[in-house]
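If you read the protein sequences in the order shown, they are chains A and B.
Counting along the first sequence from 1, when you hit position 142 you're at 142 in my numbering, and nothing is skipped either side.
So the mapping is simple: my numbering equals the position in the second sequence, first residue as 1, plus 239.
Treat the hints with care, as some may be off.
[To be verified] A few chain B residues facing chain A, derived, Cβ under 10 Å: (1) TRP243; (2) LEU244; (3) VAL252; (4) TYR258; (5) LEU267; (6) ALA269; (7) PHE283; (8) ALA284; (9) THR288; (10) SER290; (11) ALA305; (12) LEU310; (13) TRP313; (14) ASN317; (15) PRO335.
[Unchecked claim] Stretch-level coverage of chain A by chain B, calculated; a stretch enters the list once three of its residues show a Cβ under 8 Å from a Cβ in chain B: (16) 24-35; (17) 80-93; (18) 124-138; (19) 157-169.
The hints are simulated quantities; they were obtained by calculation from the structure and are not laboratory data.
As the structure is a computational prediction, the values presented were derived from the model and not from experiment.
Every residue gets a Cβ at the ideal spot worked out from N, C-alpha and C, and that includes glycine.
Chain by chain, the residues:
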Amino acid sequence: MDSPRGSAFVRGFVAIAPLWLGVVPFGVVYAVIARDAGLSLVETQALSLLVFAGSAQFSAAGLFATGAAGVEIVLTTFLLNVRHVLYGLSLGRRVPLDGWRRPAAAYFLTDEVFGVVAARPAPSFGFLMGAELSLFATWNLATFGGALLGATIPNPADLGLDLVFPLAFLALLVPLVRTRAELAVALVSGVVAYAVAQVVSGGVPIVVTGIAGSLLGAWLTRGRAVGEPRFEDAVREVA
Amino acid sequence: MTFWLTTAGMVAVTFGSRYAGLALRSELPAFWVRFLHFVPIAVFAALVTPSLEGAMGEGEIRLVGAVVAGLAAWRTRNLGVSIAAGMLAFWLLRIPF
């Protein structure tokens with residue numbers, strides 16, 4: 001797997017490729033919704049370039065359409081995106097980052113990149129940036145395409161393409177579960193997230209579950225040391 | 240103008256969240272090191288279950304797709320193959336007979 005097939009950047013870029021199938025249609029649809037909501041071409045693209053957070057952009061477009069106050073949109077964005085604190089805490093200990101590399105890595109950080117990088121043994125900064133820019137480029141090209149296309153495309157949820165995302169995270173989760181404590185955390189987290197999502201949707205279930213599940217794991221493994229993911233157990237991102 | 244002010248706010252809270260975790264680099268007590276080990280496991284599970292059933296009453300066949308993808312991930316440890324297997328199972332079951 002670590003046989004050098006191109007640079008770390010290229011390997012990171014390609015590692016995200018299986019997710020393009022899910023990212024492209026949703027980028028297109030985001031742009032269509034944003035244009036319907038009355039945002040200009042430049043504004044639609046600006047959210048993808050500057051904020052670069054799918055769920056927050058979807059809800060912002062919807063809120064702009066209803067004439068919501070800016071404060072409400074910013075607060076919703078915060079609730080949806082505060083989960084990235086957990087991703088940063090986890091990644092910051094595994095990828096060596098200094099100087100400009102830290103804000104650069106932070107700017108492009110997403111669920112999908114965290115998933116692919118966290119499931120990989122000893123990821124480098126180059127691999128991380130390759131994965132991050134792979135998603136950024138795809139999302140922004142899809143936004144641009146959607147903003148030009150207008151409302152002539154079918155809803156990807158009608159095709160079931162939204163299923164790509166839970167399948168991807170399940171496929172990333174499976175190889176990480178090796179001990180009883182890890183299995184317990186995965187099962188309990190799945191149930192807790194489902195239950196919380198019945199009450200409040202968006203980013204809150206991820207934050208609540210991320211904290212509760214990790215506390216459970218730390219408590220279950222008290223008195224033991226847990227290591228890095230083992231080399232042979234990491235998921236292979238590409239064939 | 241409101242748009243750009245709102246966007247600036249969105250950028251601030253989004254980048255702030257993304258940067259805050261990465262910026263914390265001090266040595267952590269053993270409990271929190273173990274806590275962080277479980278973050279990907281808990282978060283990935285939380286990204287699966289709430290969006291599994293979907294909004295179109297296809298919960299059962301989506302669940303079958305997830306089981307197929309999970310088995311494929313267990314056997315192959317390959318992300319692309321797992322997604323393809325799960326989506327294929329889902330789309331095949333979706334064909335009205």
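Here's how the hints hold up against the structure:
1. Satisfaction of the interface hint for TRP243(B) is found here, the shortest Cβ-Cβ separation to chain A being roughly 8 Å, below the 10 Å cut-off.
2. Contact between LEU244(B) and chain A, as hinted, is supported at the beta carbon level, the nearest pair being about 6 Å apart and thus within 10 Å.
3. Because the closest C-beta pair between VAL252(B) and chain A is about 4 Å apart, less than 10 Å, the hint holds.
4. Hint status for TYR258(B) relative to chain A: holds, with the closest Cβ pair at about 4 Å, below 10 Å.
5. Against a cut-off of 10 Å between C-beta atoms, the interface hint on LEU267(B) holds, since the closest Cβ of chain A lies about 8 Å away.
6. A distance limit of 10 Å between C-beta atoms decides the matter here; for ALA269(B) the minimum to chain A is near 8 Å, and the interface restraint holds.
7. Interface hint status for PHE283(B): upheld, as the beta-carbon distance to the closest one in chain A is roughly 4 Å, under 10 Å.
8. Because the beta carbon of ALA284(B) sits about 4 Å from the nearest beta carbon in chain A, less than 10 Å, this interface hint is met.
9. A hinted interface residue such as THR288(B) counts as satisfied when its beta carbon comes closer than 10 Å to some beta carbon of chain A; here the least separation is about 4 Å, so the hint holds.
10. For SER290(B), the shortest C-beta to C-beta distance to chain A is roughly 5 Å, which falls under 10 Å, so the interface hint holds.
11. Using the Cβ-Cβ criterion of 10 Å, the hint placing ALA305(B) at the interface with chain A is satisfied: the shortest such distance is roughly 6 Å.
12. Given the 10 Å rule on beta carbons, the hint for LEU310(B) holds: about 9 Å separates it from the nearest Cβ of chain A.
13. Interface hint status for TRP313(B): upheld, as the beta-carbon distance to the closest one in chain A is roughly 5 Å, under 10 Å.
14. Taking 10 Å as the C-beta contact cut-off toward chain A, the hint placing ASN317(B) at the interface holds, the least distance being around 5 Å.
15. The restraint placing PRO335(B) at the interface with chain A is violated, with a minimum CB-CB distance near 14 Å, outside the 10 Å limit.
16. By the rule of at least three residues with a Cβ nearer than 8 Å to a Cβ of chain B, the coverage given for the segment 24-35 of chain A is violated, with 0 such residues.
17. With a threshold of 8 Å between beta carbons, the proposed coverage of the segment 80-93 of chain A by chain B holds, since 13 of its residues qualify and at least three are required.
18. Residues of the segment 124-138 of chain A with a Cβ under 8 Å from some Cβ of chain B number 0, which does not satisfy the need for three, so the listed coverage is violated.
19. Evaluation of the coverage hint for the segment 157-169 of chain A: fulfilled, as 11 residues show C-beta separations to chain B shorter than 8 Å, against a requirement of three.
In this structure, the hints that do not hold are numbers 15, 16, 18, in rising order.
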